[in-house]
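For the sequence shown, my numbering puts the final residue at 237, and the numbers step up evenly by one.
Heads up, a few of these hints could be off.
Taking CB as the label site, the calculated pair distances span [to be verified]:
1. Glu103 <-> Thr206: 34 to 40 Å
2. Lys82 <-> Pro178: 29 to 35 Å
3. Glu102 <-> Glu170: 48 to 54 Å
4. Glu51 <-> His149: 22 to 28 Å
5. Met167 <-> Glu199: 35 to 41 Å
6. Arg179 <-> Glu51: 35 to 41 Å
7. Ala151 <-> Ala110: 42 to 48 Å
FYI, nobody ran anything at the bench for these hints, they're computed from the structure. Every residue gets a Cβ at the ideal spot worked out from N, C-alpha and C, and that includes glycine.
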Amino acid sequence: MNILITGASRGLGLALADESLKRGHSVIAAVRSPEHGGKLAELRERYGANVETAMFDVTDETAIARFAAGYAARGKRLEAIINNAAILTERGSSIEELDMTEVARTFDVNVLGPMRVVKHLLPLMDGTGGVIVNISSEAGSLHGAYGGDYAYGTSKTALNMFTEQLKHAVKPRGIAVYAVHPGWMKTDMGGSEAPGDPRTSASGILDLIERRTAPSRRFSFVDYSGSAMDI
C-alpha cells in the first residue's frame, strides 16, 4: 500500500511513517523543505526505497499540484492519504487579544491544507478504494468544547465538517474517510505532560487504514481505536 503522510518529519507523522513501514507499506513523507525531513533519515536507512520524500507545504497549492502530476506521470497510485500536518496557535488568548492573522494561518494549514491535498491527490486513488484520514482533535467537538482555543478548536471543527462532506462524495468510489482524534500525546504540540504515546495512536490509525477496524456509525469522527467521538 502506498501511503502519503503530511507533516511526516516529527511527532505523530513520524510515528505513522514508522508504523506504516513496519507493516510493509511504502510511505511518501510530505515535508515543507529538506531541513524539515532530517528525522526521516533513519527510516530511509532502514527501509530504503520504501520511503520517498515529497517536498511541499500544504499551504502551497501549486507545489501540491506539481507533486501530484509528477507522481501520476510515473504511473504511481495512492491507497491512503493521512492529512496530519497542523499548527497550534493562539491557545489561551481571549477574544479581545486574538491575533486574527494567526487564526487565518491556522485555518490555512489545518483546514485548507487537507482540502488542497485531497483536491489534487484524490485522482491518484481512483480505482484503488483506499482510505483518507484527517487528523482531528477532541478540541473540534462541540459537545466537549472548552474556552480559550479559538483558532485550533474551530479549525478542527471545520476539518470534521470537511471530512463529512468528503465522505459522502467519495463513497461511490469505495473510499473510506475518517476524522481521527489521536489522543493527547507526548509530541512537540502535545507537550511532555501528555499521557499518550504517538506510536500507540499510529498503530490504531493504521488499523483503520488497513480496515482491521471498521467503525459502524453515521458520522466519521472517531478516535484512534475507531470508537465514536462526540460531535
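Now for the hints, and whether the structure bears them out:
| no. | hint | verdict |
| --- | --- | --- |
| 1 | Glu103 <-> Thr206: 34 to 40 Å | holds (36 Å) |
| 2 | Lys82 <-> Pro178: 29 to 35 Å | violated (23 Å) |
| 3 | Glu102 <-> Glu170: 48 to 54 Å | violated (32 Å) |
| 4 | Glu51 <-> His149: 22 to 28 Å | violated (44 Å) |
| 5 | Met167 <-> Glu199: 35 to 41 Å | violated (30 Å) |
| 6 | Arg179 <-> Glu51: 35 to 41 Å | holds (36 Å) |
| 7 | Ala151 <-> Ala110: 42 to 48 Å | violated (21 Å) |
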